[in-house]
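**Q** Single-letter residue listing:
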Amino acid sequence: AQSVSQHNHHVILSEAASLELGCNYSYGGTVNLFWYVQYPGQHLQLLLKYFSGDPLVKGIKGFEAEFIKSKFSFNLRKPSVQWSDTAEYFCAVNHRADNDMRFGAGTRLTVKP
Amino acid sequence: DGGITQSPKYLFRKEGQNVTLSCEQNLNHDAMYWYRQDPGQGLRLIYYSQIVNDFQKGDIAEGYSVSREKKESFPLTVTSAQKNPTAFYLCASSGRGGSYNSPLHFGNGTRLTVT
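Each protein sequence line maps, in turn, to chains A and B.
Under the numbering used here, the very last position in the first sequence is 115; numbers go up by exactly one each time.
Under the numbering used here, the very last position in the second sequence is 422; numbers go up by exactly one each time.
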C-alpha cells in the first residue's frame, strides 16, 4: 500500500518567515495530491489540490505546492507566514486506481507573532 | 445545507463491548471513508467504500467492521477485538465518481473512550 511521509513534525516560525513543508509518497502510479489544514478546534479544510497539468498549484490564503514527479514529492510553500497560519497541515495522496485517500502524519506549524 | 453528520460526538464504552459509530451524508456522494486520528499519527484509513454494497479495508482495518447498505450511510463498528479503540474517528465522503476528482468532506468526528 502506498504511504505518505511528512518530514517535519513541528515547525516554529516567526511572522513573515517563509514556509516549506515536505511531503513524499511511496506509490509510483497515477495519483492526485492534496494539502489539508486543520486550525485549532476546527475541521480539516482543503488548502489546494493537484490532479494534472501545471505542477505548481496555488491554493487559498497564499499557499502553493509543487508536484515533482521524479521525486514523488508535493511540498507546500508560503512566502510569508502569518500568526493566523498556526495550524496542523496534512498532505494526502489518492491513488486513482484504488480510489483511496491516505494522509501523512501531519506537521504542526506554530507562527510566533 | 448538505453535509456529513457523525453521531454521537462523544461515546464512552466499557472494554469488551462492541460499539457502532454513525455517519450519514446528504451530499449524494458515492465514496465514503473512515479514519482514525491520533496525535502525531495523522489520519489513518480504516475502511472506505466507493459504491453501495462494496467496501475495502484500509491500513488499520483489524478490529473494525463496516457496512454500506445505503448510499447515505456508512456506519463503523468498533469491535472488542480492536486492541486500542480509544481515539477520534472521522468520517468523510467525496463526490460523484469517487475521490479521485474531488476532495474530501469531513464530519465533525466522534471521540470514543473505552475504559
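One or more hints might be untrue.
Label pairs and their computed distance ranges (CB to CB) [unchecked claim]:
1) Glu66(A) / Pro346(B): 44 to 54 Å
2) Pro315(B) / Glu22(A): 34 to 44 Å
3) Asp56(A) / Thr422(B): 47 to 57 Å
In the BS3-like style, the derived pairs of lysine-lysine whose C-alpha atoms are separated by at most 27 Å in a straight line are [what the hints assert, rightly or not]:
4) Lys321(B) / Lys51(A)
5) Lys390(B) / Lys51(A)
6) Lys364(B) / Lys377(B)
7) Lys60(A) / Lys73(A)
8) Lys321(B) / Lys378(B)
9) Lys51(A) / Lys63(A)
Hint data in this document are derived by calculation from the structure and do not stem from the laboratory.
From the three backbone atoms N, C-alpha and C, an ideal C-beta is built for every residue, glycine too.
**Q** All the hints need checking, so say for each whether the structure fits it.
**A** Each hint tested on the structure:
{"no.": "1", "hint": "Glu66(A) / Pro346(B): 44 to 54 Å", "result": "violated, 28 Å"}
{"no.": "2", "hint": "Pro315(B) / Glu22(A): 34 to 44 Å", "result": "holds, 40 Å"}
{"no.": "3", "hint": "Asp56(A) / Thr422(B): 47 to 57 Å", "result": "holds, 51 Å"}
{"no.": "4", "hint": "Lys321(B) / Lys51(A)", "result": "violated, 41 Å"}
{"no.": "5", "hint": "Lys390(B) / Lys51(A)", "result": "violated, 35 Å"}
{"no.": "6", "hint": "Lys364(B) / Lys377(B)", "result": "holds, 18 Å"}
{"no.": "7", "hint": "Lys60(A) / Lys73(A)", "result": "holds, 20 Å"}
{"no.": "8", "hint": "Lys321(B) / Lys378(B)", "result": "violated, 31 Å"}
{"no.": "9", "hint": "Lys51(A) / Lys63(A)", "result": "holds, 14 Å"}
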